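Protein chains in written order, with this note's numbering: chain A, 1 to 373; chain B, 1 to 373.
Don't read these hints as lab results, they were simulated from the structure. This one's a predicted model, so the numbers in the text were calculated from it and none came from an experiment. Treat each hint with caution, since some may be false.
These stretches of chain B come out as covered by chain A in the derived footprint (C-beta under 8 Å, 3 or more residues) [as the list claims (entries may be wrong)]:
#1 250-261
#2 275-288
Below, in silico cross-link-like pairs of lysine-lysine (DSBU-like), each with a Cα-Cα straight-line distance of 30 Å or less [claimed, not checked]:
#3 K372/B with K240/A
#4 K130/A with K368/A
#5 K175/A with K372/B
Glycine included, C-beta positions come from ideal geometry on N, C-alpha and C.
Next come the chains, spelled out residue by residue.
Number of protein chains: 2
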Amino acid sequence: MKPQNFSGESSLIQESKRTVGENFRQMIKAAMVAVDGRGSGSSRPISNSKEIERRNGNMGYGSDQKKEATVIDGKAIAQTIRSEIASEVRHLSDKYGKVPGLAVVIVGTRKDSQSYVSMKRKACAEVGIKSFDVDLPEQVPEAELISKVHELNADPDVHGILVQLPLPKHINEEKVLSEITIEKDVDGFHPLNIGKLAMKGREPLFLPCTPKATYLVLKSERYSKIGCLELLSRSGINIKGKKAVVVGRSNIVGLPVSLLLLKADATVTVVHSHTHDPESIIREADIIIAAAGQAMMIKGSWIKPGAAVIDVGTNAVDDPSKKAGYRLVGDVDYKEACKVAGWITPVPGGVGPMTVAMLLKNTLEGAKRVIKQ
Amino acid sequence: MKPQNFSGESSLIQESKRTVGENFRQMIKAAMVAVDGRGSGSSRPISNSKEIERRNGNMGYGSDQKKEATVIDGKAIAQTIRSEIASEVRHLSDKYGKVPGLAVVIVGTRKDSQSYVSMKRKACAEVGIKSFDVDLPEQVPEAELISKVHELNADPDVHGILVQLPLPKHINEEKVLSEITIEKDVDGFHPLNIGKLAMKGREPLFLPCTPKATYLVLKSERYSKIGCLELLSRSGINIKGKKAVVVGRSNIVGLPVSLLLLKADATVTVVHSHTHDPESIIREADIIIAAAGQAMMIKGSWIKPGAAVIDVGTNAVDDPSKKAGYRLVGDVDYKEACKVAGWITPVPGGVGPMTVAMLLKNTLEGAKRVIKQ
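Same shape as in the complex, but just chain A (with noise of 0.2 Å):
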């Protein structure tokens, strides 16, 4: 097929690879390690270009079966976007007298959520970033949340307005979440964000975190890999041209995500539960992204060897041997894809901290529009 009708990558996307590009040698040390395959320890830098070039080759493993996959560390890479958000806050607030603010917005007790929420306010705290912490009972009208949002779009200090979801059932979560501002809408979600997403030779104001962390994490690795050794620049997560899956379509995750994939120039197949047959798509896939919300539901078996699995998921499973009484897991069956997989993201540690470090950069990217104005 001739080319046609593409306008190239957009400046959002440029803009992604810069912030990573410009950070691969500290990346490369933190990022870029080899775990046991447990992934809880013995890990070990990747630092011979013998070692690169086997991980790479022919994106397989042909004889040395036993190898595991690279494991991409997401708190690693999600700490150094921090520290840049941190300097930039700083210079802010140098220059400008100002820093950016963001609202967190939480209904009711439910304990995920508040493990979410104070998670982010954390996060914000940790970087310069001001929280306005809203807490509202299980009970507040409807009405009510959407005159706190009116209030937060108006107030000059807000630049980002996060809800947490889920909300209560009495409360309808698309109408309030349709009140956020597009300026301070940093979750991404306004569906005029996703439109411009999805279209060629359009922007969003603001890209949904999730997928924005699933595509810097793709391409960190890929940057990493030309700043550390020019030679494989060509070979390793290359998005353009591969066959990515995308297993999930909600509208955070699995929709702006092969959205994003597409825009990148991978050949993209969404695979959801009406799906037929989805271990045989799954295997044809160079790059998978799990977005399903099902534990360990991704075999090992499932996986071409070499793939790159990203695994968004994120569930709770009975663990008596816990505190808790749970473990968290991804979507993918780690043990099992370690053995196959290429380069893979572990629950915890992977998707999940770019995830919050995409929220507070949002955020810096909001308020930067307003205070340099």
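Since the structure of chain A is provided, determine the placement of chain B on it from the hints.
Structure of chain B alone, referenced to chain A:
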């Protein structure tokens, strides 16, 4: 995989079904014809259950290799839809004393654009939609075109605005299109429309015409069969769970068609200029949407026996035997495809007339929203 996060078919999709469902008896007579593979005639309605059984069966041909694909006669289906629109327009006129109005704006003297525009204006006249003709010279300044759009936005008798593309090089298309108020964006190209089309639980004000046409062509076949012979209602062109491959990813066809098919529960892959080995991916498809703009790119050998092939391409190829010196062909090698596919749309006479019908339908819908208020 267990069902997850899917909120069911949107009412927009259901609405499309109803429109077609109501009329399947007329449609089955008009639309389901088998032709001789050149699309030139000798058509015969499918009228006996054995024939339909053979055509559906395993969606393939087995020992019966010489049989031809069922041709989906878009012209006939479009005619039925246009009759319905005409009757609704009469009803509006009788009850409210108002008719829908469509502004068709053309800049310059491109022959193909002029021919499309005159076709659209003629189609308006036939169903009683008032056409507002705006013909601007090639050199019109961008600002003047935009101020014309603003004027049409404000005109209460205009319910739809269509700016014929492409525009001359000195004019920024995206800028002009985004000046059209979303309530009159009958082409459905506004990013807010595309975002809502993409997202679960959201619905666009207008579906872009060609994707809407494509969807309806697929559905009409299905509903024809259900009406015709209950026995076969679960075979044939059922979208849910089927493998659909969309070839091309333009903002106006490929992208929105893929989003629509995903919403209708197909397993969707988008193939484009950077896809490696497109044949092998297309060969897996139960439903092929050809929208690459490459004359006869898709060969018979690329098609899975029994697949439904919807050809959105319209390409002019030299043909000295024609008075005009050229003829129009699709993205599919029609003659070859007829021997392999289960269903196929011809070019011309397939998706094209349906697209014009959808433009009229969108204009009617826009007008009803305003007039009935």
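Outcome of the hint check:
no.	hint	in the structure
1	250-261	holds (count 4)
2	275-288	holds (count 4)
3	K372/B with K240/A	violated, 49 Å
4	K130/A with K368/A	holds, 14 Å
5	K175/A with K372/B	holds, 25 Å
Checked against the numbered hints listed earlier, the structure breaks hint 3 alone; every other hint is satisfied.
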